[in-house]
Amino acid sequence: MNETRQTYDLISTEYARRATAVDARLLRELDTLGGALAAGSRVVDIGCGPGREVALLRERGFRVVGFDLSLGQLRAGGLPGRAQADMRHLPLRTGSVDAVWCQAALLHLPRPDVPAVLAEFARVVRPGGALYLSVAEGDGAGWEVAGNYGSELRRWFTYHREPALTTLLAAAGFAVREVSRTSSHREWLSLHARRDG
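Going by the working numbering, the first residue of the sequence shown is number 82, and it counts up by one from there.
Some hints here could point you the wrong way.
Listed next, with one range per pair, are the computed distances between beta-carbon atoms [stated by the list, open to error]: (1) Arg258 to Gly231: 36 to 44 Å; (2) Asp104 to Val260: 12 to 20 Å; (3) Ser265 to Met82: 21 to 29 Å.
No wet-lab data here; the hints were simulated from the structure. All C-beta atoms, glycine included, are put in the ideal place defined by N, C-alpha and C.
Work the whole structure out from these sequences, hints included.
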């Protein structure tokens with residue numbers, strides 16, 4: 082985690098520059114989450130980086146707080162309402178948010194940490210609340226060089242498959258409602274889920 086965080090600190094300026102682009106897939110995922118929530122709902126963006134999705138969710142009328150482990154990423158965005166936090170121990174009260182948005186962040190955790198993090202997401206989401214989760218699809222885990230951001234520093238990636246991830250979500254108290262896949266420089270698996278209760 083520390084090495085991945087340090088890499089994100091160091092690539093933060095280039096990452097923020099590239100994170101301004103919004104594609105049709107991202108807009109669809111935002112609209113799907115938005116359709117499950119009332120106006121003014123409380124949403125937390127876990128692994129928010131420079132804050133692109135924080136801003137997009139706020140534009141849709143939600144009250145949004147963003148958390149990221151990388152101070153460099155938080156500073157690069159310059160957007161208020163974001164703070165440093167570890168997704169393994171969120172500084173939120175139980176049942177205090179209506180939804181969790183987590184895009185391309187859980188994939189940086191070692192596989193043994195994933196069940197506890199999903200349980201932490203379930204803890205902070207009210208019963209009946211929503212979860213959006215996007216991960217790299219595939220098998221295995223390991224270090225990858227952040228060359229696409231002009232750096233030879235490494236980030237940790239853990240790949241996931243739908244059946245195993247759906248099982249972990251169910252164990253944490255989430256029922257998957259919708260699954261989608263997209264392809265870019267890697268294969269992406271995105272899930273919308275509802276908190277049981």
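Results for each hint:
For Arg258 paired with Gly231, a C-beta distance near 38 Å keeps the hint of 36 to 44 Å intact. A hinted range of 12 to 20 Å holds for the C-beta pair Asp104 and Val260, which are about 19 Å apart. In this structure the hint that Ser265 and Met82 lie 21 to 29 Å apart at CB holds, the actual value being about 24 Å.
Violation of the numbered hints given earlier is absent; every hint is satisfied by the structure.
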